[in-house]
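Construct the complete structure from the given sequences, taking the supplied hints into account.
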Amino acid sequence: MDGFLRYYDHFVLPFTVGMLVLFTVIIYKYVRWFVRMPKEDRRLVARGIFTKKTAQATGEVACEALGHRKIWRVNPTLGYMHMSLALGWFLLIVVGWIEATVHFSGELTAPHTHVFFKFFGPTSHPTMTGKFINFMMDFLLLFVLSGVALAWFKRLRSKALGMRRTTRHTLWDRVAMTALWMIFPVRLVAESAASGIDGSQSFLTGAIGRWMVDEFGIAQVFNISAVAWWVYSLVLGAFFLAMPFSRYMHIFTEIPLIFMRRYGVRSGERASSFDHFQIEACSQCGVCIDPCQLQADAGINHVQSAYYLRDRRYNRLRREVAENCLMCGRCEAKCPVGIESNTLRLNSRSRLNDQPAEGRYEYLRGVDGSCGEGRTGYFAGCMTMLTPATLSAMEKVFAAAGEDVWWADRNGGACCGRPLRLLGEIAAAQRMTDHNVELILRQGVTILVVSCPICLRAFRGEPRLADIEILHHSQYILRLVEQGRILMSSDTMSYVYHDPCELGRGCGIYDEPREVLRRLGTLAEVSQNREHAFCCGGSLANAEIDSTQQDAIARTLMAQFAATDARVIVTACPLCKKMLARHSSRARVADISEVAAARAVAAATP
Amino acid sequence: MSVNFGYTISLPRAVDLDRNDFSVALRVLRRLPELESCIGCGGCTATCTAGAFTEFNFRRVQTLVRRGEYGGAYREMNKCMLCGKCRLVCPRGINTRAVVMTIKRELGTGY
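Protein chains in written order, with the numbering used here: chain D, 1 to 606; chain W, 1 to 111.
I should point out that these hints are in silico values taken from the structure, not numbers from a laboratory.
It is possible that part of the hints are untrue.
[What the hints assert, rightly or not] Distance windows between CB atoms, simulated:
id: 1; chain 1: D; residue 1: T548; chain 2: W; residue 2: D18; range: 28 to 38 angstroms
id: 2; chain 1: W; residue 1: R75; chain 2: D; residue 2: A604; range: 51 to 61 angstroms
id: 3; chain 1: W; residue 1: F22; chain 2: D; residue 2: G359; range: 25 to 35 angstroms
id: 4; chain 1: W; residue 1: D18; chain 2: D; residue 2: Q528; range: 53 to 63 angstroms
id: 5; chain 1: D; residue 1: E40; chain 2: W; residue 2: N4; range: 52 to 62 angstroms
id: 6; chain 1: W; residue 1: F22; chain 2: D; residue 2: R518; range: 51 to 61 angstroms
id: 7; chain 1: D; residue 1: P388; chain 2: W; residue 2: V3; range: 49 to 59 angstroms
id: 8; chain 1: W; residue 1: N4; chain 2: D; residue 2: Q355; range: 31 to 41 angstroms
Backbone N, C-alpha and C define an ideal beta-carbon position, used for all residues, glycine too.
If you want it as structure tokens, here you go:
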């Protein structure tokens, strides 16, 4: 204990208090969240710990939490800013710890001795290794300072760093952020003053120290040093104190999140304690704000994922913020932390709107609008009933392929349940799903072709249908062509394809519709395609925006297509088709089944 | 014991706008002002998925709610599957799914 506190000065107190509070709060939070997690989730973690998943997660932590690889991909300047702060600070701690440990030859000393080493120990070492360490410490400090400078600049002018908008912050965030911005400049002053007094030769702190001594005289530098070390400890303490209550909680929380995600833990449609790890792993970097079409086209500025997560975290989530979202998933696709914001939003909605559904939808008992016989089933879905061209096109395709089809909802059927689910009525949605699953299982089909991506997603997520191959009609048509069961003629017609949210980001189906179109004519692409495709605005996940706002969103999407010379805008979702058709002036809007069926002929029987 | 002669008589029925309580109706309209623009075309009801299987009439229920007639409205709206076809066919662009959700929220199980 003697050695533990051999190096002590009163100025270390703010740092020490801050650090103790920080670790106490973090450990308390993590233990509490973990213990309250569902048993199955905890079992997943226990089962995964001694597998290679742990090694993979460690690698991911290094890449993401330190290197910020995913932000680099979205925006290199922002990536550098985050990496310089995270990796730079981490290395400063590691190298500083090595420097101090070597100097104290392994003697057990209090953490502050390492953190304020240039105060307690010498500022420079005469040996070659010592010189290298001196250089590294200065270099790393400069590296971090470059990031801090970028952060200052970004606050002043977010556009300069390629972000149209940046997040608005809470009081805790502001305290932590101000402290964070001051830590490294103050550290530079403190270490420079100490180096000046010592006469260190290092390139940054040594040079500034010498300049200080020349300019102010050694007596003044002693004063500067005394004040600067106090301020340094104070801002460190303030940062640590504010951190667990601010967005900077993400620094540590991303680590358990990455591990648990690797072990297979996910958020669900009902809230669970695991959600805390996702919510507090959000750094509110604001990468989710720019892609949000509600922000860009409808002028809604308070519902984006960063704000939603912030409001939910501080228990001030309003219904409107949880419900005003297209759930298109554009922001999720860009999130550098990989937070499942759509799933989280769903479970907020279920908390608001879910209610027991006993006695509801009794009228569905015995409802069966199916007809036909066959091992291939076809589920059109409610929306497809409003786009009869898709229905007749599919009829033609089935006829050309000579397929015997069981039409699941030819004479009317129940909704798939996903629209109810998207608004949080889970129990009610389950009744719809149960009804349809029973209907489908009774028929014993091996393939189920679905025309509506919303239904497709509902059925694909249903474990009871796991033995049935569930295909979107674009996949099915491509398969028929590839198997030679139908022939399609091509010409010079030009197409452009719109990725429906539920089909693309929702089910990962991007290539099959494009492949069908390539076989029909030429295919143009817009810049915002595939996982970055715009939503048409008609999303059933949003019951908040009015039709003018929907129209504004659809117009932006249409402007993209108008910029290409394509004559036909093709989509693969009846809802998207309706929205697009409303706003198209020149080009024809069609479902992929229509354009394919128009050119499909039965293959000649051998 | 009454004898059933095969005739039924409907009770006299009128919407009394002077007596009705409009508080819920006004809250619904404040949230969804476009509902005032409903022309009662019945497109919503004609296309309704639930309406194909049961007596459920969106136009009727929302019109009655706007007149301050809340009886049975919650139970009726609970028949809706929220599939959203009515919103697509509405010539006035009314956010029909929000109408269903708002009426259910306002009236709850008490009605």
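Against the structure, the hints come out as follows:
Checking the proposed 28 to 38 angstroms range against T548(D) and D18(W) shows it holds: the Cβ atoms sit about 35 angstroms from each other. Taken as a hint, the range 51 to 61 angstroms holds for the pair R75(W) and A604(D), whose Cβ atoms sit roughly 58 angstroms apart. The hint said 25 to 35 angstroms for the Cβ distance between F22(W) and G359(D), and at roughly 29 angstroms that hint holds. Checked against the hint of 53 to 63 angstroms, the C-beta distance between D18(W) and Q528(D) comes to roughly 56 angstroms, which is consistent with it.
At about 60 angstroms, the CB distance of E40(D) to N4(W) agrees with the hint of 52 to 62 angstroms. Between F22(W) and R518(D) the beta carbons are some 59 angstroms apart, a value that agrees with the proposed interval 51 to 61 angstroms. About 51 angstroms separates the C-beta atoms of P388(D) and V3(W), a value consistent with the hinted range of 49 to 59 angstroms. Taking the beta carbon of each, N4(W) and Q355(D) are about 40 angstroms apart, inside 31 to 41 angstroms as hinted.
Violated hints are absent here; each numbered hint is respected by the structure.
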